[in-house]
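Chemist: Each chain is listed here by its residues.
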Amino acid sequence: MFQYAIRRTIGAFLMLIVMSIVTYLIFLATPVDAARLTCGKQCGEQQIQINKHALGYDKPIYEQYWNFVKGLVVDRDFPADPELKKTHPEIIRHCAAPCLGYSANKNQLIWDYLKPRVPVTVYLTLAAFVMWMVVGVLLGIWAALRRGKFADRITVGVSLLFYSFPTFFIGLLLFQLFAFQWDLVSVPQYIEPSNDFGQFLANLFLPALTLAAVYAAAYVRITRTYVLETMGEDYLRTAKAKGVKGRRIVFKHTLRAALTPIVTLAGLDLGLLLAGAPITETIFSFPGLGQAAVNSASQFDLPMTVVIVLISATFVIVANLIVDLLYAVIDPRVRY
Amino acid sequence: MTDTLVPLTPAESEPKAGTPALALSLGRAGLAASAALALVSVFVPWFKPGDADSPIHPTYWAWHKWVPLLAPLLVLLGGFLLALKYVLQPAARRAGLKVPGSLRSAGSSLRFLLRVPLLGWLLRLFGRIGGGLAGKNEFPGTDRLIGSRAAGAAIWAFAFIWLAWILCGRSGISKCTHTEFGTSCEDFDFHGASAPYHPQVGFYLVIIGGIVAIISGVLLALKAPADENPERRAVWQVSEPGGAAVTKPRFLEVRDLKVHFPTEDGLVKSVDGVSFGVEEGKTLAIVGESGSGKSVTMQAVMGLHRGTRARMSGQVWLNGTELMSASDETVRRTRGSQMSMIFQDPLSALHPYYTIGNQISEGYLVHHHVSKSEARKRTIEMLDRVGIPNAARRVDQYPHEFSGGMRQRAMIAMALINNPKLLIADEPTTALDVTVQAQILELMKDLQRDFGSAIVMITHDLGVVADIADDVLVMYGGKAVETGTASEVFFGASHPYTWGLLNSMPRLDRERAERLDPIPGTPPSLINLPTGCAFNPRCAFKETVDNNDRCVHEHPDLYQVSPAHHSRCFLVDQNQLGTLREKEKA
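These protein sequences, in sequence, are chains A and B.
So the mapping is simple: the numbering used here equals the position in the first sequence, first residue as 1, plus 8.
So the mapping is simple: the numbering used here equals the position in the second sequence, first residue as 1, plus 58.
Worth double-checking, as some hints may not be accurate.
Below, computed lysine to aspartate or glutamate pairings styled on EDC-like, alpha-carbon distance capped at 16 Å [claimed, not checked]:
(1) A/K253 with B/E337
(2) B/K503 with B/D525
(3) B/K435 with B/D403
(4) B/K306 with B/D330
(5) A/K253 with B/D386
Honestly, the hints are just simulated from the structure, not real lab data.
Quantities reported herein were computed from a predicted structural model and do not represent experimental measurements.
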């Protein structure tokens, strides 16, 4: 078990390195000249060359990549010019290790820009996660227990409807209905939980609901399938033959078996969502990672995009790792 | 035996057409209509309380916050009153408890509410909903279905009240803009000046929807449910023609048991009129091919088909109690404590995620109020008893850590932990190799000696039958084709199917190695049984009967061979067995 965990962690680490290389390569292959974007229309060719040099874009790719990796352990300066540091130290941006780089576009250190955004995405995702797991799994069980009946068909039908709506449609629909037509919530905006926890929750409700709707719809169907599959198992008949009560059969014997694959899926989905929910965050203008990803990609902010992709990849890989390790705890038959 | 028992409701009767069916469809249509109305009303422009053309009386606005609380309050009050009337007071009286005077007078001073015409009806309705939601709707005189129908209607009505509150109650819609200079709010007409603005329409939609929901729910609750499933609620009466005493049922007695499964291809008649009985300390073997209905029969005895789509009729008497007409709760209490079942494939019959000990002790905890450690002690004792070495350690292992024989022993321990009077074993030795088979059979015989229980052994292995059975029931196509004591069935088999089974069994005592003689053909489809005798397409003696094709056109009865031996074959009816046997010898 311990050995397996070590092996998997090393594997995950290698995966991250490959991910970062690939991301670097893809973005350097774009026809956009990053240096060209650092100054305005009036910018002359000479100025572009100077900026290019200052940002290190004139160096070969492997060197740029190496500088990025090195920045994780040693401090970096932007621009990395020792002479300029002597003459005009006020221009130099100092980036303490671990340094994720500097965005010329935002004129900011990348981590300074992203740091306040991580909790936004985490709160949003966790709120949505709780909503969709509770609603999705409970409705799924309910539908499975009423298999083939009216309630089952309605639940499955409505979940299919929600599942097939694009997120931006559900988001805008909920926005319109809840915030304007019924005036149940104020127009959501991100509020720091430390400022006003009640308001924070109230404002989190709508975006989280939007995210949760699609996932809940998927989980209703998944849960229903797994519960139905489990309900055909012989060991439930054994439990019934022992005289165990109906509710206990459902919530102990059936759920225990049906939840195993659901937990796996939930872990992976959570990891994916922690990397940002670009559409939802954009609709509700929540300053999260997803919004930053959309912005940086549309503005060709290369260093920012690379870092966001890496953070996202880390979340997914770590979620994968945790799910795999959890499996040994959930299913006694699994041994590593 | 069956002629003294007359069903009040014929098992085959269909749900009666007429008013209930009409009410049912009306009710369903009503619920659908109200759902549609609810959807429409959500998207209809709404109005503000201050509007001059608002159809709502101003007094409402002063109270509207409390409207949604009405329904839950009614549920609580109604539930309390009904519980007081039907559950608590009788229970206290039975237990000889003195209900404190103040509480009693409080109860009875409130209980007049139940008799107030409309309010009383509402309180009962909502009370039952409360009971239904809590899963305890066992008030006498009420029907589970009525409870759920009424609950459906009430949930709709509740949703409408809630919707009305939300939609009517929101005051002054305003739009706030947040800028760096601060927040400014202004009146905001979402629908714009050009949008048609008909507040009354939406309001009336909600009201109409609510009324439709209530009416249709009441229709569903009052009219529909009584005879939706006649098989399940078939009422049986023990009649006494001419004052004759009714036959006292044996320890386990099954009378005219039918289990039918409706499927898309048609009605599968898995068990079609089977009767048998076992006394305590005796063993009955049910023999037959796969699909002959032997497992389904015993699962029906255990009540394992309850709550599924299976249609059942007949009687199952266990120790003087009739189980088919008993409530689910009664049967659940009987399962595991008085009767228990060993299933054929122990690996799939044990839960893979729980330890053996957990699963066995659960059976004990369900029927006994003991602590977990006591149950565990008992479990270890039981595992020890069925011959699992080092039981104290193995109790914490999972099924996949056990070998096949050990798993079957664990299953037996699970079945025997409450010392059941009836043990049903569904092919307990099929998945095991021969030496383990013998051990398991020996173990069951031992346990029967110790506990004096009746055993019903389902098997297709005639060797097992010869080893353990007192009586034998041979099943074919969902019916009993031959019954009798083990020796009579073995040495005087009187049905061609039984002969076929005996011939297809390898024997050591034959002089030369003969080829085994399988029964030709395949088991019949339980949806379309062959006409006449179900075995006739495979029967080699069809010509021998030779009486205007009786085998094809006429259903054979169970004919008596000897007082304790019956066979469903015309050969017995026409007394041709003797001549056949002489021919065989010659």
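Chemist: All hints, please: hold or fail.
Modeler: Results of checking the hints against the structure:
Distance hint between A/K253 and B/E337 is unfulfilled; the C-alpha atoms sit about 29 Å from each other, more than 16 Å. The hinted pair formed by B/K503 and B/D525 meets the criterion: a straight-line CA distance of about 10 Å does not exceed 16 Å. A C-alpha spacing of about 26 Å is found between B/K435 and B/D403, which places the hinted pair above 16 Å, so the restraint is violated. Among the hinted pairs, B/K306 with B/D330 is inconsistent with the structure: their alpha-carbon atoms are about 23 Å apart, more than 16 Å.
Note on A/K253 and B/D386: the hinted pairing holds, with a Cα-Cα distance of about 10 Å set against a maximum of 16 Å.
Of the numbered hints stated above, those contradicted by the structure are hints 1, 3, 4, listed in ascending order.
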